[in-house]
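Each chain, written out:
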Amino acid sequence: MIPELGHFALALALALSLAQAVFGLWGAQRAEPRLMAATAPLAIGTLIATGTAFACLMWSFAVNDTTVSAVVQNSHSAKPMLYKLTGTWGNHEGSMVLWVLILALCGGAVAGFGRKLPSTLQARVLAVLALVAVGFLAFILGTSDPFLRVWPPPMDGQGLNPILQDPGLAFHPPLLYLGYVGFSVTFAFAIAALIEGRVDAAWGRWVRPWALAAWSFLTLGIALGSWWAYYELGWGGYWFWDPVENASLLPWLAGCALLHSAIVVEKREALKTWTVFLALLAFGLSLLGTFLVRSGVLNSVHAFANDPARGVFILFLLMVYVGGGFALFAWRAAAMAPTGVFAPLSREGALVLNNLLLCSIAAVVLVGTLYPMFADLILKQKISVGPPFFNSATLPLVVPLIGAMALGPVLPWKRARLWPALQRLWWAALGALAALLLCLALEGQQIGPALGFAAAAWLILGAVADIADRIALFSRPRAALARARGLPRAAWGGAIAHAGLGVMMLGLAGMGLATDRLALLQPGQSASLAGYDYRLDSVQDVAGPNFSARRATVTVTRNGRDVVVLTPERRSFPVGRMTTTEAAIHTTWLSDLYVVLGDERDGGAVLRIHHNPLAPWIWFGAAIMALGGGISLSDRRIRVSAPAAKLARGEVTA
Amino acid sequence: MSRKRRRLYLLLLCGLGLGSATALSLSAFQDNLVFFRSPSDIMQEAPAPDRAFRLGGLVETGSVQRETTPDGRPEARFRVTDGASTIPVTYTGVLPDLFREGQGVVTLGKLGPDGVFRATEVLARHDENYMPPEVADALKRSGHWNPDQGAPPPASSWNTLTPTPAVGAAPPGGRSGS
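Chains A and B are the protein sequences, given in the same order. Counting from 1, position 269 in the first sequence corresponds to residue 269 in this note's numbering; the numbering is continuous, with no gaps. For this note's numbering, add 1000 to where a residue sits in the second sequence, where the first one is 1.
Hints are computed from structural coordinates only; laboratory data are not their basis. Please read these numbers as outputs of a predicted model, since none were measured by experiment. Take these hints with a grain of salt, some might be off.
Below are the DSS-like pairs computed for lysine-lysine, each with C-alpha atoms no more than 27 Å apart in a straight line [unchecked claim]:
no., chain 1, residue 1, chain 2, residue 2
1, B, LYS1110, B, LYS1140
2, A, LYS267, A, LYS414
3, B, LYS1140, A, LYS380
4, B, LYS1004, A, LYS267
5, A, LYS116, A, LYS267
6, B, LYS1110, A, LYS380
7, A, LYS414, B, LYS1004
Selected chain B positions facing chain A (Cβ under 8 Å, derived; list incomplete) [said to hold, decoys possible]:
no., residue
8, ARG1005
9, LEU1008
10, LEU1018
11, LEU1024
12, PHE1029
13, VAL1034
14, PHE1035
15, ASP1050
16, SER1063
17, VAL1064
18, ARG1066
19, PRO1074
20, ARG1077
21, THR1090
22, TYR1091
We treat Cβ as the ideally placed atom computed from N, Cα and C, and that holds for glycine.
Here chain B stands alone, though its shape is the one from the complex (with noise of 0.2 Å):
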């Protein structure tokens, strides 16, 4: 095989190779992306009942309560806020070590007939000051908190909480939740 053919064949190969890595990531995009949603944004605009996404916001205060199923499994249930909306949450399973009320919460599930969102997973697996970017990002957006001007409002004082647009609250990047 003369040089130039190899040349061909390795370069057909290697267009072989990025061009199944790319269609395998579509379409694996395609059905496994996990979308965040803020309360809020679930008020405005429900999602399709059978796809997963990511819900986030602050655990209310007040809210959780812990029960057992009938069948022996322990359930929890509580409602995530941002705010200007809430959204109750059951979740199965055992809560992480950092989860706690008026903390913010990143939850893993579906949303029910019901408007029940119905966890299958809880993340909270930071360290009791983290507030997740998501998290923080929601409530910036509902104009609750400013991060600029410190920790959070408590939030069992919410619910009560006018919202106010946050002028210019967002600084560029917009991560600095933690």
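Same shape as in the complex, but just chain A (with noise of 0.2 Å):
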């Protein structure tokens, strides 16, 4: 019963869709207020309709429903509670449903807060909305119905893949979802505008913070991922380059290049076409991360599906989409002119360099990831690209953009002189060049960690000079807290933004300066490595509640004096018959110490053990990334939206 209401609930879904899709444009276009009035409570209606289903899914997992297919081959009554709910998006399906509602949360929220924006312009943005909503809704519901029933029902579910038995499936797809689909609601503004053919600062008023909102998110998904995989996947990376680590990485470019470039919209009423484009390309570079990943194209843990229909499908949706919206734009993008002007050394011109330099690493990126496909395709050739390609193709884009990332701030709009910005950060380079001096002093002839640490003390020490600029705290510091206070969230959020890359490179960077050692231990033996000695005590067997494992204790002492006791565990999961590794890791914020248990052999035990220095400071910077984000999100600027616009077109809807 549950699960038939759950179908009925996303049949319903794309109804009200559809009536809202049809309700905005016809409505916009005509004037017509009643029609462009039901568009609001259909996005709430739709969202209901979509939580409804996504909370019959979730019972459906809860209760372990084995007449449910999705449930018989993702879930089994022997998982813990968490990843039994958990589990309604660690498949296929489930995801869908969750990338739907997170949609109809978008369309409820503009619905919500839109209230003050012009009419029409709320109208057609929950029409694209509801348009994007119809393509999913009918994508689910034609060829990946979650609740299709399977008859008889088997005695029990499949299980899940283990490797997603973990906490980190409770916060990841979410919030990368969040991110992946906040873009479409700067894809319908950018929809919305090409319609009407009018881009000015209140529009880029209300885009930039859904830009913001869907860019801290993606930050925090992205991050959570690359935190998983370094402590669940046991290979003591962080990132692999692998194609879908690629896919969430291109709209985060993208989306970046968006904030900033919408900045200018809103303050100079310049870069309006440009901003529009990256609006489209963000969202474009989701869906395409959306098929990449869930088409079954690649193989990885995050494919569930390999069936053919559904990647035809999503890529139909991507075409109609994406393509759509670039005819639009290439139909329409003559009409927004242009009115406000800049020098090229200028803010505005140094937000277009951060727009250019960050389009080329996504093209860098995008190339590197679809070529193999093309290559299999086309040239039937099997061929990979890894992570040295992605390197050394990014590299010499991210130095100029790290440069100029501290100098764009300092500069003033219109126009400016290089001399005095330069003067604002000489002892930000001056701690640059001491970074770099001080780390090849320590550590010989290594110039990735070398650079790394420079950038970062470039970063935010360019970070702390621009607020110490513009509070005056040293040319009057008696009234610099006062001036603190007053100073507007959007700037604090942007510094701590940058200064958080910054921190995030200190991690990179001292990741470069990791090593690791392979040892084959006896029981009371011990290796050393980089000034700690990790001795081996014992391996036992230990049971899970749906596993059984092999754990070794292993004793970590530095000096003699006992650091802390680590234990790695090899799992096997009966259901499905797998076997993960669970590596141990201690921090000590400067360190990882790292170790996992590999094989057993001759009575005793291979351990690989990593040191990772200053690791944790890459997800530590992520996070203080997304808090800027957040930060500048709740600038006042942007909560009072847009009331001269209303003015000027409040007796026209009225």
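Quick one: dock chain against chain with the hints and give me the complex.
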């Protein structure tokens, strides 16, 4: 009964979305206030229907209803409750329902928070969002029905991939999807602007918070995924340039460019066409990511299904939305006349440079990600593009990007001179140089990490210099505190996010100095790495809720003093007959001690020991970046949205 | 600055960005593309000795030997086969959880002058029914397995099978490996 209710709710959501799309587009075209007014309640209705469907699916997973095909294939009664619930989106069908639920949430948010929007704009935005929802609801109902029944019901389910049985599953997909799908709102605003043929400061003020929110969630989602891979896969690495990772990095890069160019639209009414283009691009890359991950083109832990019909359907949706968006762009973009003018050397100029570099990086990553697929399809060659390609191709673009990142915020708008800006940053430059030399002196010929430390110092000190300059910390220190309080939160947010990238660079540079060793140890023997001694005490059997494991006890000492006892495990799951490696990690914040248990032989065990300097700062830096986005989002200017625009068009809509 | 000139500048900048992205990609492609080779490919045409590539096939049953190098590092020796040819492989490190005899494997490394493949990475990281698409392709090309007829034959019998050309075996798309 419950699954049928969920299925009905999905179909209802499809009908409501269809009505929302038609009413919105037609009503806005005909300036029909009653039709336009219907879109917001319809968006709330879609949200309720999708929420019901999602709740029904979750219920089926929670009670392990083995008459539902998705549950049979992806769940098991012996799983802990947390993984039964999170398992709702740990499979193809459920993750698509989550995707649509978040899309409906975005629609509901535009309907709820967007009352101050000009009503034609709101109606069109909601209509475009509904069009996207229609496509994906049709996809779910047509090719991947989560509520499909099986008869007779099997005794129990087939279990969830053990790698996914982790608390990370509770947060990583929802956060990532909030990011992916959040760009659907900026996409909808861009389409609406193209239909109306106008982009103004008010539009920029509306788009920017959505871009910021989506970008912040995406940052968190990617960082969480990277952290998860770091501790779960047991390879000691944090980023593998896997196509699935790249698929999430691409919209992140485009979104990062978008939120910067939206600043220019809002403040200076320039770069309008470009911003609209970026909004289309960011969502297009989000859809591409969904296609790559969900279609089964790539084989990875993320690809749950390999059904060609699904891949073709998502490819079709991708072409309709992205192709349609860019066709509209080609047709209407010329209608948007730029007004603000600026010199090449100005804050606008720096933001253009930022956009250019971010888009170039995205282009390189896109080529590296898609080339193997095209080579396979067209040239029939099996090729893979690995980390060396991405490292050597993106590094020359990242260096100027970071160089400009500290410089951009201290340049004035419109027209700037380089020398005064550089004067404000001289001590940041000095700090970067000191970090570079210090690293070279301590660690020898390690150019990569030395550059990383220099970048970290440049970014963090640059952000501090920017804030110190704005509150006149050195010239008039007495009033600095009051001025700090009066500084707009967007300025704080920007500086914090830039410093967050600096913190992340610190971690990346530290990981460049990581060392590891392999050792076959008998109980009682020890191996040393980077000043720590790892003694294998014993290897025993332990039992988990739905697995059995071999657990090694490793005592770590430093100069004879005990530091920590680590217990890496190898777990075997009888359901699905899989083995996973649980790395044991101890962090001192200066470094991670990371031990993996390999196979056992001759009475001993193989241990892989990693010493990862500054590793936690990578994800901590990403969290700071997202925090910066959040602080920027709480800026008063963004909360009090566009009253002028409402007044200007009030009489038309009333 | 007039609007036209500014637009020209912007277009120039975009061209510069795209151009530099293309140049960087191409130069990085030149050194860093990693090709996939099956054991039969290597037998036919030996790859350059200093160039890394990926070798894939089935781990031959009964071929895995685990040893310890003189400096105490664990080492594994095994043979990778596609039925027609076999390449010996050495790997120093922890083998992945799903590495088993008779299963598909993809390794990354370089071929030594003695004909032994020295792997720096061994990938076998999916569920036990998983067959890497490259390996499935290599098996099909060597004529040992028609994926339409079910699971691959046990690897132990492979070296004695007579290769038969797989007529019409490859379905369009060819990615039915998993």
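Hints versus structure:
1. LYS1110/B with LYS1140/B: Holds - the C-alpha atoms of LYS1140/B and LYS1110/B are around 24 Å apart, at most 27 Å.
2. LYS267/A with LYS414/A: holds, 11 Å
3. LYS1140/B with LYS380/A: Holds. LYS1140/B to LYS380/A sits at ~14 Å (cutoff 27 Å).
4. LYS1004/B with LYS267/A: holds, 22 Å
5. LYS116/A with LYS267/A: Roughly 20 Å between the alpha carbons, so the hint for LYS116/A and LYS267/A holds.
6. LYS1110/B with LYS380/A: Answer holds: LYS1110/B to LYS380/A is near 22 Å, not above 27 Å.
7. LYS414/A with LYS1004/B: Judged against 27 Å, a Cα distance of about 18 Å means the pair holds.
8. ARG1005: violated, 10 Å
9. LEU1008: violated, 12 Å
10. LEU1018: holds, 7 Å
11. LEU1024: holds, 5 Å
12. PHE1029: holds, 7 Å
13. VAL1034: holds, 5 Å
14. PHE1035: Because about 6 Å separates PHE1035/B from the closest Cβ in chain A, which is inside the 8 Å limit, the hint holds.
15. ASP1050: Cβ of ASP1050/B sits 14 Å from chain A, so the hint is violated.
16. SER1063: violated, 16 Å
17. VAL1064: violated, 11 Å
18. ARG1066: holds, 6 Å
19. PRO1074: PRO1074/B check passes; min Cβ-Cβ to chain A is 5 Å, inside 8 Å.
20. ARG1077: Constraint on ARG1077/B not satisfied, violated at 14 Å.
21. THR1090: violated, 14 Å
22. TYR1091: violated, 11 Å
Going through the hint list in order, the structure does not satisfy hints 8, 9, 15, 16, 17, 20, 21 and 22.
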